[in-house]
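In order, the protein sequence lines correspond to chains Z and A.
Just so we're aligned: 74 in the numbering used here is position 74 of the first sequence, and the numbers increase by one with no gaps anywhere.
Just so we're aligned: 78 in the numbering used here is position 78 of the second sequence, and the numbers increase by one with no gaps anywhere.
By construction, these hints were calculated from the structure, which means they are not laboratory data.
Quantities reported herein were computed from a predicted structural model and do not represent experimental measurements.
Some clues are possibly wrong.
Chain A side only, calculated, beta carbon under 7 Å to chain Z, not exhaustive [stated by the list, open to error]:
no.	residue
1	46
2	67
3	70
4	72
5	102
Note that beta-carbon positions come from the ideal geometry of N, C-alpha and C, so glycine has one too.
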Amino acid sequence: GAGVSQTPSNKVTEKGKYVELRCDPISGHTALYWYRQSLGQGPEFLIYFQGTGAADDSGLPNDRFFAVRPEGSVSTLKIQRTERGDSAVYLCASSNIAGSGYTFGSGTRLTVV
Amino acid sequence: RKEVEQDPGPFNVPEGATVAFNCTYSNSASQSFFWYRQDCRKEPKLLMSVYSSGNEDGRFTAQLNRASQYISLLIRDSKLSDSATYLCVVNPGAGANNLFFGTGTRLTVIP
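Turn these sequences into a full structure, and let the hints guide you.
So, in structure tokens, the structure goes:
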């Protein structure tokens, strides 16, 4: 597509539930990133994919968070046993050159109640 | 210490004013630098890259001071549409593939 697409745009879930957030990057971009942004903060790095593999997952806060990109295009961020502290905007970005300027999607606003 | 530090503001300036933002970065090996703009409840968008020699794009000028490890953004002749949060962004280098974002500086241009 023309831009990075993220779905859903908003997700409200109950504490303890499992959620999946989807990202469809710009066609041809091999680098894909997930970030999390809390109110009043800058985006915080979670995980980076180069092709199908997670090249750097050092930003994932704990083992409740997991992400996949099985065919090197669409990626899914999965959060198990959600907690209220997981509430944030989850941003996906893609780039054709790792470490260069990204294009972000419009994000998924996750609210855990 | 945070990778990137910015004054969160807010900066409230009248239309037509010149305003400057600075940020500092902690890793002297950092290779790439950017300014992003983020409107309320929107995603960050790349405003401009920052080059060692300094660069200008219309009313916007970005500069890098490697010795002092700071980056600046100057906006001349401020417009109401410049109201946004400006994020300072750094690639820490040494093979890093991700970018580190500051907390952002909020600018409001007042009529």
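Please list, smallest to largest, the hint numbers that this structure does not respect. 2, 3 and 4
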